[in-house]
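2 protein chains.
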Amino acid sequence: MTIGEMARRTGLTESKLRYYEKKGLIHVARDGGGRRSYDEGDVEWVAFLCRLKETGMLLRDIWRYAQLRDRGRSTMPERLAMLETHRGYVAEQQRKWAGHLKKLEDKITFYQAEISHSET
Amino acid sequence: MTIGEMARRTGLTESKLRYYEKKGLIHVARDGGGRRSYDEGDVEWVAFLCRLKETGMLLRDIWRYAQLRDRGRSTMPERLAMLETHRGYVAEQQRKWAGHLKKLEDKITFYQAEISHSET
DNA sequence: TCTTGACTTGGACTACAGTCCAGGTTGTAC
DNA sequence: GTACAACCTGGACTGTAGTCCAAGTCAAGA
Chain P
161 MTIGEMARRT GLTESKLRYY EKKGLIHVAR DGGGRRSYDE GDVEWVAFLC
211 RLKETGMLLR DIWRYAQLRD RGRSTMPERL AMLETHRGYV AEQQRKWAGH
261 LKKLEDKITF YQAEISHSET
Chain R
161 MTIGEMARRT GLTESKLRYY EKKGLIHVAR DGGGRRSYDE GDVEWVAFLC
211 RLKETGMLLR DIWRYAQLRD RGRSTMPERL AMLETHRGYV AEQQRKWAGH
261 LKKLEDKITF YQAEISHSET
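Here the protein sequences come in this chain order: P and R. Our numbering numbers the first residue of the first sequence as 161 and each following residue consecutively. Our numbering numbers the first residue of the second sequence as 161 and each following residue consecutively.
Mixed in with the good hints, there may be bad ones.
Pair by pair, the computed Cβ-Cβ distance ranges are [to be verified]:
1. GLN272(P) with PHE270(R): 44 to 54 Å
2. ARG195(P) with GLY184(R): 40 to 50 Å
3. ARG195(R) with ARG169(P): 49 to 59 Å
4. LYS256(P) with ILE268(R): 36 to 46 Å
5. PHE270(R) with GLY248(P): 11 to 21 Å
6. ASP221(P) with ALA207(R): 23 to 33 Å
7. GLU174(P) with SER197(R): 44 to 54 Å
8. LYS183(R) with GLU252(P): 22 to 32 Å
Below, a list of computed lysine-lysine pairs in the DSS-like style, where the Cα atoms sit at most 27 Å apart [to be verified]:
9. LYS256(R) with LYS213(R)
10. LYS176(P) with LYS263(R)
11. LYS267(R) with LYS176(P)
12. LYS213(P) with LYS182(R)
Stretch-level coverage of chain P by chain R, calculated; a stretch enters the list once three of its residues show a Cβ under 8 Å from a Cβ in chain R [what the hints assert, rightly or not]:
13. 180-187
14. 232-242
15. 245-255
16. 258-266
17. 270-276
For the record, the hints were derived by calculation from the structure and aren't laboratory data. Positions of the beta carbon are idealized from the N, C-alpha and C atoms, including for glycine.
Just need the whole structure built from these sequences, with the hints factored in.
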């Protein structure tokens with residue numbers, strides 16, 4: 161798969177794919193002409209990498225995870241530990257957003273009351 | 161209230177308080193010696209500003225909100241509209257984090273199974 | 001009066017995550 | 001064999017949100 165196809169598959173831009181590679185998050189094979197050649201395994205890894213990123217993991221931590229992954233199955237317990245730590249973070253985020261939503265709704269209710277009061 | 165007291169009250173650093181002022185998000189009175197002098201109204205506004213920021217509103221949008229606020233009660237409907245738009249965003253974030261948590265838990269379950277399989 | 005510590009300013013610097021660009025290469029279609 | 005799109009590289013540039021620093025000011029206490 162070329163970088164263009166990969167971009168379409170993953171929803172990332174080509175720039176991002178090159179950037180993540182430069183940062184050591186993805187290792188990409190090359191064809192005879194020196195062009196990037198992605199496979200299905202890369203698609204899966206990029207999808208997971210994106211999920212980690214969307215959940216607020218910094219690229220440098222994803223890089224640590226990628227390093228462990230490169231070292232094979234023996235690092236699975238370490239990777240599991242990273243994911244468990246991250247789960248705690250994500251669970252807290254979820255609670256936080258729920259709280260934010262509640263407070264924002266209170267504020268909106270207050271504004272609505274103020275405005276309808278002004279109109280009378 | 162001096163900037164140091166204000167920092168303690170709001171949990172922000174002095175740097176941030178100066179930075180937000182420089183960006184036009186807060187208007188702070190000065191004492192005779194040219195020092196910042198905050199009041200309770202400032203504390204409340206900063207607390208609300210922080211909530212907007214924590215929920216992902218960019219400083220330039222908070223600035224727009226602050227501009228409306230400066231113009232008085234007549235801008236309440238506009239502010240309400242901003243908050244309602246933002247509520248949609250926050251609600252979506254909450255759903256997103258719930259989804260992320262679910263997927264991450266699936267991955268963790270998978271890893272746990274893999275690891276216990278290796279051990280047998 | 002002198003020291004101390006909290007404060008003032010503008011501007012330079014940082015971290016993070018990209019994005020863009022010039023100049024060059026490769027592979028396919030006509 | 002040439003036009004063309006898609007690709008390559010390194011490095012400069014961007015936006016967002018700060019953080020830090022030098023040089024100076026101000027007020028209270030010894």
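So which of the earlier hints does this model not fit? Violated hints: 4, 12, 13; rest satisfied.
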